[in-house]
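**Student:** Take these sequences, add in the hints, and give me the full structure.
Protein chains in written order, with this note's numbering: chain A, 1 to 446; chain B, 447 to 519.
Derived by calculation from the structure, the hints in this document are not laboratory data.
This structure is a prediction, so every number in the text was calculated from the model and none was measured.
The beta carbon of each residue, even a glycine, is placed where N, CA and C say it ideally should be.
One or more hints might be untrue.
What the hints assert, rightly or not - Cut-off 25 Å, straight-line C-alpha distance, at most; resulting in silico cross-link-like pairs (DSS-like, lysine-lysine):
1. A:K262 / B:K492
2. A:K262 / A:K375
3. A:K262 / B:K475
4. A:K175 / A:K145
5. A:K446 / B:K489
6. A:K145 / B:K475
7. A:K297 / B:K489
8. A:K33 / B:K492
9. A:K446 / B:K492
10. A:K366 / B:K489
11. A:K78 / B:K475
12. B:K475 / A:K175
13. A:K297 / A:K89
14. A:K297 / B:K475
15. A:K346 / B:K492
16. B:K471 / A:K297
17. B:K471 / A:K173
18. B:K489 / A:K414
19. B:K471 / A:K145
20. A:K297 / A:K274
As the list claims (entries may be wrong) - To give a feel for the contact side, a few chain B residues facing chain A, derived at Cβ under 7 Å:
21. L478
22. M483
23. L485
24. K492
25. E494
26. A507
27. T512
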Amino acid sequence: MKKLSLTLIGLYVLFLHGFSQVSQKYEDIFQSKPLKLEEINLVTSYYSQNGSHSAVTGGGTSLLGLGANAVTLPGSEKLNDFSNMLELKLVGYGETGNRHTILAGLGIDHHTAASQKYITASGASSPDGTRVYPSLNWTMENLNKGTEVGIGTYYSHEYNYNSFALDGHVGFKNKTGGEFGAKVSAYLDQVVLIYPKDDSTLYKTGTNSLVTPYDQFVIKTNASSGAVYSYLPGSTSGSTGYPTASRNTFTASLSYSQVINKSLQMAILFDAVKQEGYLSLPFHRVIFNNHLERYEKLPNSRTKLPIGFRLNYFIGDDVIIRSYYRYYTDDWGLTSHTASIEIPYKITPFFSVSPFYRYYTQTATKYFAPLYQHKVDAAANPVESYYTSNYASSAFNSNYYGLGMRSAPPGGFKNTYLASLEVRYGHYVQTTDLNSNVISLHFTFK
Amino acid sequence: MISKKFTLFSLLLVFLFASSCETVKEYQKNRLNDAEMALSSRKVEKNEMNFQSYKEGAAGANGGKTGGGCGCN
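**Tutor:** Next comes the structure, spelled out in structure tokens:
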């Protein structure tokens with residue numbers, strides 16, 4: 001009996017000790033910790049493209065007007081872009097054990113585009129432009145329950161386009177390796193209505209004034225100072241600067257990822273996108289079969305439905321297959337298929353090379369026609385309600401291929417904070433004759 | 447609109463994969479947690495996704511932008 005009592009006491013102490021250890025572990029994990037800078041990411045890219053179907057000049061090298069006053073606009077799509085993105089990742093733990101992650105980003109792009117000069121027919125517009133886009137995101141994860149919730153905001157500014165965005169997301173993990181995510185986002189954009197100031201009699205109302213194609217505003221330029229004023233039709237009091245038009249994009253995204261086994265996982269991604277407002281761009285010309293010049297006119301609503309699959313497989317110890325497929329359809333008549341494969345090969349556990357290939361094909365939207373193919377009626381009015389000659393809306397295929405390299409030595413690069421370095425080069429060819437090259441570098445500091 | 451066939455195909459694919467899953471413990475996830483196994487686009491791909499959204503009509507379902515935020519479609 002004494003032996004039994006001692007055994008029971010011993011077992012009780014053993015269990016008590018065991019459980020007290022578990023309790024201690026949770027306290028250790030969920031100890032409150034202030035936000036701490038965990039990671040800095042820097043992505044820098046150089047992009048160069050060439051082609052001959054610029055939307056600014058009506059989808060090609062074009063002749064504006066007829067006879068002695070005709071002006072030739074070159075259709076070059078030559079463009080160089082240098083972009084940099086810096087992102088800070090801060091992580092902290094709350095008193096209830098929730099992990100808080102803050103991502104603060106800042107991006108700056110600078111481009112030079114040959115076509116941008118031809119926003120004025122004389123080619124006198126500036127070919128340069130800079131875009132600045134800060135962002136801020138906060139995510140709170142409950143590590144115990146496998147749930148997360150987060151919000152984010154984004155702003156982008158360039159001389160003819162401003163954007164402000166908000167988003168919110170939730171995520172749930174289950175015990176069988178599945179993860180469900182839902183996100184809603186709203187982009188509230190303002191397009192600055194800088195129309196080409198050509199000598200078209202369509203929109204001119206007098207010296208230094210121009211009526212926009214949508215008759216919303218009259219734009220006047222002070223001949224001596226060069227200052228620009230916009231007036232509502234019939235109004236005598238103008239506002240300084242160009243008028244703007246709204247473009248709003250609302251997106252609901254759903255994703256589900258699943259671990260299939262120790263080496264294989266997949267994800268399915270679905271977006272429902274609704275765009276409203278001014279969906280054209282004011283500097284995209286359309287030149288009709290009689291050489292009449294107008295500006296791209298598109299419906300003020302668009303619904304997009306893309307669905308994508310990812311399947312990643314780790315084969316043996318050295319090879320990974322990353323695969324992706326997307327089907328896209330929208331109510332402008334465009335459908336597309338995208339398929340890509342990337343095969344990272346680990347030369348060492350910390351250094352890999354990754355050849356990749358992407359194939360893309362799309363049909364044209366209902367509103368696209370090439371240069372001089374949109375028709376006018378006997379009164380010289382467009383036959384169609386909507387029209388564009390932007391080749392992004394045309395039918396084409398594209399191939400994109402290249403090579404990436406990634407190095408992430410254990411403990412980082414010697415005597416530096418650099419934890420990993422990734423380089424990626426790609427060459428892109430479209431059947432529209434557009435081709436481009438892009439090289440990107442990604443530095444992660446810890 | 448997405449055709450019925452495609453929706454059915456998607457659901458079948460998810461069902462097939464989901465039904466053949468095995469439970470993987472945290473300590474068995476060294477391959478799944480490899481940076482190149484991530485089920486999302488990587489940061490180094492950011493700029494190429496950006497130019498594709500300018501030069502192509504389709505966007506979305508890849509964790510990136512679906513429209514808005516720039517002068518692209």
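**Student:** Are any of the numbered hints broken by this structure? If so, which, sorted upward?
**Tutor:** Hints 1, 2, 7, 8, 10, 11, 13, 14, 16 contradicted; others consistent.
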